[in-house]
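Novice: Given chain A, put chain B in place with the hints provided.
Take a look at the letters that make up each chain.
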Amino acid sequence: MRIVASYSIKGGVGKTTAAANVAWLAAESGHRVLLWDLDPQGGATYLFRVRPKVKGGGEALVSGKRDLHDAVKASDFDNLDLLPSDFSYRNLDLLLDAEKKPTRRLGRLLDGMADEYDVVVLDCAPSVSLVSEGIVRAADLVLAPLVPAPLSVRTLDQLRSFIDAAKGPAPDLLAFLSMVDRRRRLHRDLTEQLPKEHDDVAATAIPMASVVEQMGVRRSPVVAWARTSPASVAYRSLWDEARLHAKV
Amino acid sequence: VAAEFVVDETVGPSCVDVLTDALPLRVDSHHIERRVWFDTHDWRLFRAGLQLEQHLRKRESWLVMSNLDGRRISRQPIGRTAVTPDDLPDRATRELIGVRALLPRVVATGPVQVLSVLGPEEKTVARIVLEGPTTVRDGTPVGMRARVESLRGYDKHAARVCRTLDAIPGFGPAKEPLFESVLRAAGLHPRSFRSKPDLEFTPRIPATQAFAGTLTQLREIVRGNVDGTLRQLDTEFLHDLRVTVRRTRAVLKFAHGTIAEDIRTKYAVELKWLADQTSLSRDLDVYLLGFDDLVSHVNAAGELEPFREQLTRHCKRAHAALNRALRSERFAALLDGWQNELAVAGPAERPVIEVADDLLSRAWKRVAKRGDAITDDSPAEAVHDLRKRCKELRYLLEFFGSLYGADARSEAVTELKHLQDILGEFQDAEAQRLSVHENAVELANAGTPAATLIAIGRLEHHLQLRQDAARAEVADRWHRFNRKHNQRLYARMVTSR
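As given, the protein sequences belong to chains A and B, one line each in that order. For what it's worth, our numbering labels the leading residue of the first sequence as 1, then goes sequentially. For what it's worth, our numbering labels the leading residue of the second sequence as 1, then goes sequentially.
Extracted from the complex, chain A is given alone in its bound form (with noise of 0.2 Å):
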């Protein structure tokens, strides 16, 4: 089982519908795909249409009352299940905290998961705390959205120094552009200059697009519904790259 895990220390840039399509993909390819939605907010949930809640919360599954089995909810596509949000997720970090070796408690959680799923994808909440340590720990590869502006260079230095400051084995990290607007030129030109001048920056960048917003309203992948449009074929190749990454 690998996991993969979309996180960004910034909010609103892309990591749910990067999480989600990326679930969807490799469910395509016949890999049986957990999706787990660990943002209270409930993006990655809502756009599957399954409820947010889980029985007993987040302390139930952190605290090991209640299986992370028992809480999966099929998605409406083949190979893809989805662990829910729950608003009680905001005090993860509290949860966590409560535990023995809080940063393996989710890695230890989804060890349990192994025989059922190849991949297990983590939306994760924006934020520097125990969870995303937690996760940075547990995960194979952290899938990284950068906007493209003059400060996403360092939003990847600090990204960088977030991972090899936290305990374990470093996970590989993949960042990759997102949101680009390709009439204006300093995202052009942060489009091809980043990946040549990291290696840990993806050669694919995704598209502004009304289409990725239109996941909201169509609630469901846009790899799912436009698989041609500019953006699903970005998030293609975003995921051919991240498998790599991933060893998936």
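If you are wondering where the hints come from, they were derived from the structure by calculation, not from laboratory data. One or more hints might be untrue.
[What the hints assert, rightly or not] Label pairs and their computed distance ranges (CB to CB): (1) K247/A <-> T375/B: 52 to 62 Å; (2) E95/B <-> R183/A: 47 to 57 Å; (3) D115/A <-> D86/B: 42 to 52 Å; (4) D115/A <-> K484/B: 33 to 43 Å; (5) D199/A <-> V27/B: 44 to 54 Å; (6) P77/B <-> D115/A: 37 to 47 Å; (7) R152/B <-> A203/A: 49 to 59 Å; (8) A22/B <-> R227/A: 56 to 66 Å; (9) D115/A <-> E121/B: 23 to 33 Å; (10) P190/B <-> R90/A: 29 to 39 Å; (11) P126/A <-> D155/B: 26 to 36 Å; (12) D199/A <-> D17/B: 34 to 44 Å.
[What the hints assert, rightly or not] Cut-off 25 Å, straight-line C-alpha distance, at most; resulting in silico cross-link-like pairs (PhoX-like, lysine-lysine): (13) K156/B <-> K65/A; (14) K196/B <-> K175/B; (15) K369/B <-> K388/B; (16) K253/B <-> K156/B; (17) K156/B <-> K53/A; (18) K156/B <-> K55/A.
[Said to hold, decoys possible] Derived contacts from chain B toward chain A, CB cut-off under 8 Å, selection only: (19) H31; (20) S74; (21) R75; (22) Q76; (23) P85; (24) P89; (25) S116; (26) E121; (27) E122; (28) K123; (29) L151; (30) R152; (31) G153; (32) Y154.
All C-beta atoms in this analysis are idealised placements derived from N, C-alpha and C, irrespective of residue type, glycine included.
Specialist: The following block gives chain B in isolation, referenced to the frame of chain A:
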């Protein structure tokens, strides 16, 4: 929960309308699908409770693994070419298939409609898959089915859908899953597949009848393996054919005094001919199957490649010769005669139990006599002789075991098997060593590089060590087998009734 319903012909054409009236539904897909079910010749997947299907649609093809009741385990995209074990993602299933080939066992074509049952926020909470009417290749058609698929975390919804369907006129619970109906429509019965005769005798039936029944089953098993042997689908076809011929020869031997002597002699000659035809191909198959393992002991895979190539050439030639034999009039006449002369019961004389008692006590005495004579210094011929007698005893236990109670039979076979294993190891190592030597001479005459010949020398030495190790264990294993417990076990078998 997976539940299947048979849909009445009268409902069939308006099925979707009927369902839409009863449930909140969305038609997700509608297509014509060709389904090919794969399994090994001996139904290894089926026997493990699995079904493997290739779903071929206009633009896509999927490989689906499910339980026999239709619950899906995995689904993956796959090319349109034939499925091989390498296509399977699950290692345990690949190991289950082993050396056997995955064969298309049954093909069916028909319309498939997938309907999503919608819950709150239009989330799919269950699926109804409408399949059929299905045309089965070389079989009779199978009527329309509605299969309810439950989705993880939404089991209650699926149960509710099942209850709804159950209440709709024209929908009735299916007595068996579609796969089993398709198999039956194609005249296939995996549960009754046998790679060796399934024999249950009552003590007082005439021996002639018991032998005729056994020989009928043996003939069917031979026939069932001919096509796969001719086409070399996998090496097990020839193996099973060869073992069955060996069993038949043993049965003929046991039939002394039961089957007319002239007929027995005639078929003994013909079956020996058939066995001889299969020997070389099987030996070479075994060689090549175990080649990598064998050469790993001498750590010279590269140097031994010319040896492998020579074996492959010999194997091809041997199979071509075998195929000529299997296509010959002599073989056809053997199968015909087998049916007309061997598989018919002659006049009833002795009951089978008397014949079995005689044969079993004689076979046990023969084994005991030869086993007792074995010492660490006995010649190889004495070990071979003991092995043959053990084989004879084993076949007797297989054929007549049902007369002596399942427990006694299975214990006797298990004990005997331990002894046979070491005798087999000795014999195999010797046969392989002699064969390695013959091949080395041939390669040397063909100007093969010295490095290859040296590596073959190491291989021969390794086989000699294996044979010596097995030989050193023979006497000890015999004494373990011949302990009081087993002597009593055999004595009890023939005197317990």
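Novice: Does each hint fit the structure? Answer for all of them.
Specialist: Evaluated hints:
For the hinted restraint 52 to 62 Å between K247/A and T375/B, the CB-CB distance of approximately 59 Å keeps it satisfied. The hinted window of 47 to 57 Å between E95/B and R183/A holds, with their beta carbons roughly 56 Å apart. Between D115/A and D86/B the C-beta distance comes to about 22 Å, which lies outside the given range of 42 to 52 Å. Under the hint 33 to 43 Å, the C-beta atoms of D115/A and K484/B, about 48 Å apart, miss the expected range.
Separation of D199/A from V27/B is about 48 Å and conforms to the stated range, judged on CB atoms against 44 to 54 Å. At about 22 Å, the beta-carbon gap between P77/B and D115/A misses the expected band of 37 to 47 Å. For R152/B paired with A203/A, a C-beta distance near 36 Å fails the hint of 49 to 59 Å. About 33 Å separates the C-beta atoms of A22/B and R227/A, a value inconsistent with the hinted range of 56 to 66 Å.
Roughly 31 Å separates the CB atoms of D115/A and E121/B, a value that falls within the hinted 23 to 33 Å. About 55 Å separates the C-beta atoms of P190/B and R90/A, a value inconsistent with the hinted range of 29 to 39 Å. At about 35 Å, the CB distance of P126/A to D155/B agrees with the hint of 26 to 36 Å. In this structure the supplied range 34 to 44 Å is violated for D199/A paired with D17/B, their Cβ-Cβ distance being about 58 Å.
Of the supplied pair hints, the one linking K156/B and K65/A holds, its CA atoms being roughly 23 Å apart against a limit of 25 Å. The straight-line distance between the Cα atoms of K196/B and K175/B is roughly 30 Å, outside the 25 Å bound, and the hint therefore fails. Distance restraint check for K369/B and K388/B: the Cα-Cα separation of roughly 13 Å lies within the 25 Å cut-off, and the hinted pair is therefore satisfied. Distance restraint check for K253/B and K156/B: the Cα-Cα separation of roughly 63 Å exceeds the 25 Å cut-off, and the hinted pair is therefore not satisfied.
The straight-line distance between the Cα atoms of K156/B and K53/A is roughly 17 Å, inside the 25 Å bound, and the hint therefore holds. About 16 Å separates the Cα atoms of K156/B and K55/A, which keeps this hinted pair within 25 Å; it holds. Hint status for H31/B: violated, given a least beta-carbon distance of 15 Å to chain A, over 8 Å. Using the Cβ-Cβ criterion of 8 Å, the hint placing S74/B at the interface with chain A is satisfied: the shortest such distance is roughly 7 Å.
Against a cut-off of 8 Å between C-beta atoms, the interface hint on R75/B holds, since the closest Cβ of chain A lies about 5 Å away. Nearest Cβ of chain A to the Cβ of Q76/B: about 3 Å, under the 8 Å cut. The hint holds. Restraint check, P85/B versus chain A: the minimum CB separation of about 16 Å is more than 8 Å; hint violated. The interface hint given for P89/B is met, as the beta carbon of that residue sits about 7 Å from the closest beta carbon of chain A, less than 8 Å.
Interface hint at S116/B: satisfied, since its Cβ lies 7 Å from the closest Cβ of chain A, which is below the 8 Å cut-off. At a threshold of 8 Å, the smallest CB-CB gap from E121/B to chain A is about 5 Å, leaving the interface hint in force. Among the interface hints, the one on E122/B holds; its C-beta lies about 6 Å from the nearest C-beta in chain A, closer than the 8 Å criterion. For K123/B, the interface hint holds, since its Cβ comes within 8 Å of a Cβ in chain A; the closest pair sits about 4 Å apart.
At its closest, the beta carbon of L151/B sits 4 Å from a beta carbon of chain A; the interface hint therefore holds under the 8 Å criterion. Interface hint status for R152/B: upheld, as the beta-carbon distance to the closest one in chain A is roughly 4 Å, under 8 Å. Interface restraint check for G153/B: the shortest CB-CB distance to chain A comes to about 4 Å, inside 8 Å, so the restraint holds. With 8 Å as the threshold, the beta carbon of Y154/B comes within range of chain A, its nearest partner Cβ sitting at about 7 Å, so the hint holds.
When each numbered hint is compared with the structure, violations occur for hints 3, 4, 6, 7, 8, 10, 12, 14, 16, 19 and 23.
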